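Since the structure of chain A is provided, determine the placement of chain B with the ligands on it from the hints.
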Amino acid sequence: MRELTKAIQETAQKLLQDKEVELVVGFAEGSLPLRNTPCFIRQPEEAQRLVWGYGCENNLATYLRKRPEKLAVVAKGCDSRSIVELIKENQINREKLVIIGVPCQGMIDRKKVTRLLAGRELLEAEVKDGQVVLKGKGYSEAVPREQLLHDSCLTCQHPNPVLFDIMLGEPVPVKEADSFGDLASFEAKAPAEKRAYLIQELSRCIRCYACRQACPMCFCEECFADCSMPQWLSKSSLNVQDNVFFQAVRALHLAGRCVDCGACDRACPTSIDLRTLTHKMVKDVQELFGYTAGVSLEEKPPLAAPLSSSTLNHF
Amino acid sequence: MPRIGVYICHCGENIAGAVNVEEVRKYAEKLPGVVLARDYLFMCSDPGQELIKQDIRNGLIDRVVVAACTPRTHEPIFRKSVEDGGLNKYLFEMANIRDQDSWPHWHDKEGATAKAKKLVASAVAKAAFLEPLDDRFVEVTRASMVVGGGVAGMFAALDLANMGYKVYLVEKNPSVGGNMAKLDKTFPTNDCSACILTPIMVQVGTHPNIELLTYSEVESVEGSIGNFKVKVRKKQTYIDWDKCTGCGDCVNACPAKVPNEFNEGMDNRKAIYIEFPQAVPKRAVVDIEHCLSCAKRTIGTKPRIHSKTGEPILAPCEKACKTGACDRSREYNPEGEIVELNVGTIIVATGYKVMDKAPFKEYSPQSPNVITAMQLERILSATGPTEGHFHRPSDGEKPKTIAFISCVGSRDKRYHTYCSKVCCMYMLKEARLIKEKYPDTNIYIFFIDVRTGGKDFEEYYNYCRDLGIKMLRGRVGAVDELPGDRLRVRAYDVDLGAPVELEADLVVLATAVEPAPGLEELGRKLGITCGSEGFLKEMHTKLYPVETPVKGIYIAGCAQGPKDIPESVSQARAASSAAAVPLTLGKVVVEPLISEVNQRKCAGCGTCVQLCPYSAIRLVEDKGRLRAKIDEALCAGCGVCAAACPSGVITLHGFTNAQIHAQIKALAC
Ligand SMILES: Cc1cc2nc3c(=O)[nH]c(=O)nc-3n(C[C@H](O)[C@H](O)[C@H](O)COP(=O)(O)OP(=O)(O)OC[C@H]3O[C@@H](n4cnc5c(N)ncnc54)[C@H](O)[C@@H]3O)c2cc1C
Ligand code: SF4
Ligand code: SF4
Ligand code: SF4
Ligand code: SF4
Ligand code: SF4
Chain A
13 MRELTKAIQE
23 TAQKLLQDKE
33 VELVVGFAEG
43 SLPLRNTPCF
53 IRQPEEAQRL
63 VWGYGCENNL
73 ATYLRKRPEK
83 LAVVAKGCDS
93 RSIVELIKEN
103 QINREKLVII
113 GVPCQGMIDR
123 KKVTRLLAGR
133 ELLEAEVKDG
143 QVVLKGKGYS
153 EAVPREQLLH
163 DSCLTCQHPN
173 PVLFDIMLGE
183 PVPVKEADSF
193 GDLASFEAKA
203 PAEKRAYLIQ
213 ELSRCIRCYA
223 CRQACPMCFC
233 EECFADCSMP
243 QWLSKSSLNV
253 QDNVFFQAVR
263 ALHLAGRCVD
273 CGACDRACPT
283 SIDLRTLTHK
293 MVKDVQELFG
303 YTAGVSLEEK
313 PPLAAPLSSS
323 TLNHF
Chain B
5 MPRIGVYICH
15 CGENIAGAVN
25 VEEVRKYAEK
35 LPGVVLARDY
45 LFMCSDPGQE
55 LIKQDIRNGL
65 IDRVVVAACT
75 PRTHEPIFRK
85 SVEDGGLNKY
95 LFEMANIRDQ
105 DSWPHWHDKE
115 GATAKAKKLV
125 ASAVAKAAFL
135 EPLDDRFVEV
145 TRASMVVGGG
155 VAGMFAALDL
165 ANMGYKVYLV
175 EKNPSVGGNM
185 AKLDKTFPTN
195 DCSACILTPI
205 MVQVGTHPNI
215 ELLTYSEVES
225 VEGSIGNFKV
235 KVRKKQTYID
245 WDKCTGCGDC
255 VNACPAKVPN
265 EFNEGMDNRK
275 AIYIEFPQAV
285 PKRAVVDIEH
295 CLSCAKRTIG
305 TKPRIHSKTG
315 EPILAPCEKA
325 CKTGACDRSR
335 EYNPEGEIVE
345 LNVGTIIVAT
355 GYKVMDKAPF
365 KEYSPQSPNV
375 ITAMQLERIL
385 SATGPTEGHF
395 HRPSDGEKPK
405 TIAFISCVGS
415 RDKRYHTYCS
425 KVCCMYMLKE
435 ARLIKEKYPD
445 TNIYIFFIDV
455 RTGGKDFEEY
465 YNYCRDLGIK
475 MLRGRVGAVD
485 ELPGDRLRVR
495 AYDVDLGAPV
505 ELEADLVVLA
515 TAVEPAPGLE
525 ELGRKLGITC
535 GSEGFLKEMH
545 TKLYPVETPV
555 KGIYIAGCAQ
565 GPKDIPESVS
575 QARAASSAAA
585 VPLTLGKVVV
595 EPLISEVNQR
605 KCAGCGTCVQ
615 LCPYSAIRLV
625 EDKGRLRAKI
635 DEALCAGCGV
645 CAAACPSGVI
655 TLHGFTNAQI
665 HAQIKALAC
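Chains as they are written, first to last, in our numbering: chain A, 13 to 327; chain B, 5 to 673.
Bound-form chain A, shown alone (with noise of 0.2 angstroms):
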């Protein structure tokens, strides 16, 4: 970890020293124990402000869109996915753009970890050989890694960079496990049972469209969800079926384009389980289409290309 962030601090500082970029998209600390936040950075002195821990959870690619100046970014597998289809989709300017890779350990989702802690309020925070020490007001716990790691990195494929022009750090193997098998309980439910699912979950939202901002492939110029002519869903969220209605809708949006970062779940102020739709839908891509978002520059995503009988052929 402290090794990655001298690399970041320092790959970022000759950057900007040399006028290679006028700015660096990283993390920086965050206020709390196992937070990070995502930082701008346009000076080569400020660079020391970079940091690379277990709370650099967002998709930074959120950020790369339509910028008029020549810039870098430290970008973990699932950023490197999304910037990958927002290339695709002229929304990033190759040419203008450095890509730093890192290679992803996985992040802790601090969800799970007040959960534990039940109440308890978390003052100190320390990752060890596989064990994560949480401290706090007349307590110390270690709880294995693993057990704390967000459900999108434990089931993540990509964790090293698919594309950089600069690698940091030594590739983290990756995991053989199936990448659908928590959905299982998902695809077991009957139409009916799902659809109760959808709108018991759903019955929580709150329409603040922060998982829509928070999705790198969200970009449209006007969200279908704001258009007024026609309106094609109704503004309240009281209306829970024009709450399923606009997820369903989002996840059709993305499919084929969604890498599965989790950064619409995490986003989410009422917890809303929004991955199980999300990734539901990439496995149907998947499965469908023999396609996987974000691994390849050249294959164009299955809806946004003409179908030929090679794709048909997966039917």
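FYI, nobody ran anything at the bench for these hints, they're computed from the structure.
Given the structure is predicted, the values throughout are model-derived calculations rather than measurements.
For glycine and all other residues, C-beta sits at the position ideal for the given N, C-alpha and C.
Careful: at least some of the hints might be erroneous.
What the hints assert, rightly or not - Where chain A lies over chain B, by a calculated footprint (3+ residues, C-beta under 8 angstroms):
hint	stretch
1	602–616
2	624–637
3	646–657
Chain B with the ligands in isolation, oriented as in the chain A frame:
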């Protein structure tokens, strides 16, 4: 508030026989926006159309809905009446209560009436949102391209050329001629195929209006009726065709042996070859994959110099060539050359290929004496591998007993469910040709049933029976190999109701006619589609048999489905006259039902650009941002982009969101 007039047609009994027209009329009268609803026996008749015109002229209505038959045939007629009445002709909507209602629901009068109401309500709902649109005219490039130089393609090209239009004939093989060039004699008159085809090939080769592009394939097609921009890839022949005289000296000198496609793989050709003796253009090509590069003369290298004689060391082909056409120093360019063509119309006549025998394991395809009917054509032909001598492949003996097996791969769920149509006749023909020449040959034809529909065909069949050719009804289960190169055919004779066995010296499989390889791909480039059997789909089986859904593109011959030469030629000549219409008019009307991007809201993702089948969309820079822009002249109004745009910012005029929503809403209530 729009004032909509609704006109319901009885279509004689076609609609009124199932739909209670008066009930629908009364219902329509009460729909929002409707000011009058009338019905009439035949709306498309003069008095029917007059009703519409009068109501417009009297200022009663400003939108028209006709509930009748199909817009495919009748929309233009009613649009014209609307225009004659004095309204913009796009303020018209049609509800199809015949094909989509009375016909399919003929035995459910109540249901049919209820559905008619829904269809009318939905058309009325859309009509309220119709906008006036203006027709566009496009200048037509007075030239045409024909793809495929078989008998169909050649006739299409000749007809257009004789009308005075420039024609580019694109053929993927080195010579024109297609499958007919391989045939020996042709039913129903048994005239020699080469004798009737060669003059046509020569005419095609020498016509001042025809530019032959053989050994070429279509690379890409852009644009639309009147202005297609076509890129054709001319494969490298490695011979200077301007100098080559087709003498064949190089061919004789070449030592390489390659299975000869023209003789269906039954003998060898050389690596440098002329496709067949009557080839047009008669020019040599080098099959670079199989060329041995004799004397180390790799294409594109300078010859080495002999240390003693000081002469350049040449390959045998070069040495033999007296004209200098064969010169291996020429540039190596497997990519070939791209030729750009501008044409107003396109005819696709890419024909067919016959199935190989290999998949039919039950018929012992490994035996050289089991051959396809096309191979038999070559054996019978004077230019074939045996120079017309009737030998069986294994040992050159003249076969005494021959069994023909019909429907191999046709009418068979495992391969093709369709009937290949020509096999019954060509089997009879081949059998007859053999029987007439060698009357002591025993010939058996195993049929499922004999299909000889066609002028003079039944007479042909009877003549064959009288000759002593034996027909057995029943599918052949297996062909076994026996010692002495003999074959045993095992079948079930339906008429006897018993299994039968037959020993034969030669077994001929009437393998199925399939679309030419790559047809689907070519179709995609052109924007036209293949049916489930893989042949090109016409626009309307009966009324528009040579048209396709893409205006300006026509089809002919076996590319559209299996057929014989008379039919292929008739269809070709029909296609050429259809393709000549826009060329003669010089300009075509293009419906304004095209798409438009709301640029302000476009995110520039480019999804639409990749998907547009007509390449009508480009991303243009606008204040540092990319936005999609649709070229009106190229857009065909297919609506793909409007459906695909994730931001929903594309409007397809004539099918706007507001119009479609209104329709759906009306259908839902
Ligand atoms: C064994 C057999 C015997 C027959 N005997 C008779 C008979 O006696 N009498 C009769 O009336 N009919 C007969 N037929 C049917 C007859 O062969 C066809 O009706 C006729 O050849 C069809 O002509 P066509 O031009 O449509 O196709 P084809 O002859 O197949 O010509 C198509 C041409 O297009 C070219 N092509 C294909 N794809 C492309 C491409 N992508 N780009 C450029 N060029 C391309 C091909 O190389 C070919 O030259 C017989 C058929 C068979 C199989
Ligand atoms: S939908 Fe969610 S998981 Fe998928 S790319 Fe967007 S933010 Fe990431
Ligand atoms: S982030 Fe959560 S609450 Fe906000 S709109 Fe999305 S699903 Fe609803
Ligand atoms: S020897 Fe020369 S002129 Fe004769 S066919 Fe060959 S290339 Fe053509
Ligand atoms: S409607 Fe859209 S996709 Fe279709 S031709 Fe026009 S621009 Fe292309
Ligand atoms: S698909 Fe829609 S948003 Fe994307 S470029 Fe085309 S018009 Fe613009």
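Verification of the supplied hints:
no., hint, result
1, 602–616, "holds (count 10)"
2, 624–637, "holds (count 3)"
3, 646–657, "holds (count 5)"
Violated hints are absent here; each numbered hint is respected by the structure.
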